[in-house]
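Keeping their order, the protein sequence lines are chains A and B.
Just so we're aligned, residue 1 is where the first sequence starts under the UniProt record's numbering, counting upward by one.
Just so we're aligned, residue 1 is where the second sequence starts under the UniProt record's numbering, counting upward by one.
It should be emphasised that the hints constitute simulated quantities derived from the structure, not laboratory data.
Just so you know, nobody snuck in bad clues.
One copy or any two copies: either way a pair holds, since identical chains are not told apart in the list.
Okay, derived cross-link-like pairs now, DSBU-like style, lysine-lysine, Cα gap no bigger than 30 angstroms in a straight line: (1) 161 / 225; (2) 37 / 125; (3) 54 / 125; (4) 224 / 168; (5) 33 / 54; (6) 59 / 125; (7) 245 / 125; (8) 54 / 224.
The primary structure of each chain is shown beneath.
There are 2 protein chains.
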Amino acid sequence: MTKMKCVISYDGTNFSGLQIQPRNRTIQGEMEKALAKIHKGEHIRVYASGRTDKGVHAKAQTLHFESDYTLSPADWKRALNTVLPPDIYVNDAAQVPDSFHARFDVIEKEYRYYIFNELEPDVFKQHYVYHYPYTLDVAKMQESGQYFEGLHDFTTFSSAKADIKGSKIRHLYEVSCHHDGSRIEFILRGNGFLYNMARIIVGTLLDVGRGKRQPSEIEELFGKKERQSAGDTVPPQGLYLWNVKYEER
Amino acid sequence: MTKMKCVISYDGTNFSGLQIQPRNRTIQGEMEKALAKIHKGEHIRVYASGRTDKGVHAKAQTLHFESDYTLSPADWKRALNTVLPPDIYVNDAAQVPDSFHARFDVIEKEYRYYIFNELEPDVFKQHYVYHYPYTLDVAKMQESGQYFEGLHDFTTFSSAKADIKGSKIRHLYEVSCHHDGSRIEFILRGNGFLYNMARIIVGTLLDVGRGKRQPSEIEELFGKKERQSAGDTVPPQGLYLWNVKYEER
Numbered sequence: 001m002t003k004m005k006c007v008i009s010y011d012g013t014n015f016s017g018l019q020i021q022p023r024n025r026t027i028q029g030e031m032e033k034a035l036a037k038i039h040k041g042e043h044i045r046v047y048a049s050g051r052t053d054k055g056v057h058a059k060a061q062t063l064h065f066e067s068d069y070t071l072s073p074a075d076w077k078r079a080l081n082t083v084l085p086p087d088i089y090v091n092d093a094a095q096v097p098d099s100f101h102a103r104f105d106v107i108e109k110e111y112r113y114y115i116f117n118e119l120e121p122d123v124f125k126q127h128y129v130y131h132y133p134y135t136l137d138v139a140k141m142q143e144s145g146q147y148f149e150g151l152h153d154f155t156t157f158s159s160a161k162a163d164i165k166g167s168k169i170r171h172l173y174e175v176s177c178h179h180d181g182s183r184i185e186f187i188l189r190g191n192g193f194l195y196n197m198a199r200i201i202v203g204t205l206l207d208v209g210r211g212k213r214q215p216s217e218i219e220e221l222f223g224k225k226e227r228q229s230a231g232d233t234v235p236p237q238g239l240y241l242w243n244v245k246y247e248e249r
Numbered sequence: 001m002t003k004m005k006c007v008i009s010y011d012g013t014n015f016s017g018l019q020i021q022p023r024n025r026t027i028q029g030e031m032e033k034a035l036a037k038i039h040k041g042e043h044i045r046v047y048a049s050g051r052t053d054k055g056v057h058a059k060a061q062t063l064h065f066e067s068d069y070t071l072s073p074a075d076w077k078r079a080l081n082t083v084l085p086p087d088i089y090v091n092d093a094a095q096v097p098d099s100f101h102a103r104f105d106v107i108e109k110e111y112r113y114y115i116f117n118e119l120e121p122d123v124f125k126q127h128y129v130y131h132y133p134y135t136l137d138v139a140k141m142q143e144s145g146q147y148f149e150g151l152h153d154f155t156t157f158s159s160a161k162a163d164i165k166g167s168k169i170r171h172l173y174e175v176s177c178h179h180d181g182s183r184i185e186f187i188l189r190g191n192g193f194l195y196n197m198a199r200i201i202v203g204t205l206l207d208v209g210r211g212k213r214q215p216s217e218i219e220e221l222f223g224k225k226e227r228q229s230a231g232d233t234v235p236p237q238g239l240y241l242w243n244v245k246y247e248e249r
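With the rest of the complex left out, here is chain A (with noise of 0.2 angstroms):
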């Protein structure tokens, strides 16, 4: 068997997420019915780096997945493009060793988040940034931004929903933010986010922009450790999983 890593994007405009599903169009979904096809119909399992939502981007997922075939990397991408639906592309594959897991072997993942600030909403940017019509300070967000970083509790930050037995306890490198004209671009790196946790730090982030909240209310949202605590959780199409690393062999 070969353990094969693939590094994708894909437009999540179109698909109820990536985990797979019973009827509906998943991200993990078509890349099985594109291995099944490669396979002459045997299911090949994927494991990707972690769900994203219905609606969220990829500009970098990472699964892995093994097979009995000896392609190349090279072949294994023209392959898979091949057969995939024209919303998912393999930018990347590599062999990796069998011990590699896409999920547990996570080092960092960074998320960004894109706002278009703009009073008039734009029909060609509608599935791949947030309108958000409200005068907003940049200068406020960024500040706020450094207290999202290092070691902590996300448990205020993270949806409801999330996984209650596991660790709440998160490490974020960068939590900043930058505009660009009328595009606002908010960058989160961390060693892992806790579900909708980069979209309610947004959401957050946004409050003290508009001036609902000071950057200095941040910290003590931390012990709260209550989702209501927190700002909204802004809309998916905003969102990209940008990269995904892994520790170097």
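Based on the hints, put chain B in the right spot on chain A.
Here is chain B on its own, set in the frame of chain A:
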């Protein structure tokens, strides 16, 4: 009755074109549905500057309609945008004289066509540009554009499905080609365009860009008056109705 002119933008991805059809989603259909909602079910017919095909976008399509209502232009804009789906947006509304007609009064139309000239596709651009992975000589395409400018019989450069009786003579003011990194932009301006004409001109310019034809050969093509002498009709997702001009009154 008040006559209103509206400038609208739409993402053509999920429309079967502009013109109303009984079972498919169209721009005209959605506009008339929105107007019926505002007019308590009354059918209000909209007249556009011209049709656009399935998958073709618009930055500034123009249309008119008549109504018994007396709303300010700002209120018309707000009312329509409240009821329209997110892939159509009214950029501007204005009252016009009874004699105005969105189709018959056009003095100039501008189309733009966008090509994504990279080896690998980009999942986020699939509905908005034509992915063309071959090397193109932009200077030669730019040079060829001038042969289309001026007054010509465009029979060779229009679909065989075009209106058989009407004149095929049109006056093009500009056919130019520019590149900005991997994005190639074609600008076509004229007093009118036959069915598929913009897309066939771009297809013919791409033949020149790939070295399949020489710029000087374009002139002979006009004399052939046969659709099959010209290049392919490029796909709809790269095409944008960019602007429609009317006489200042």
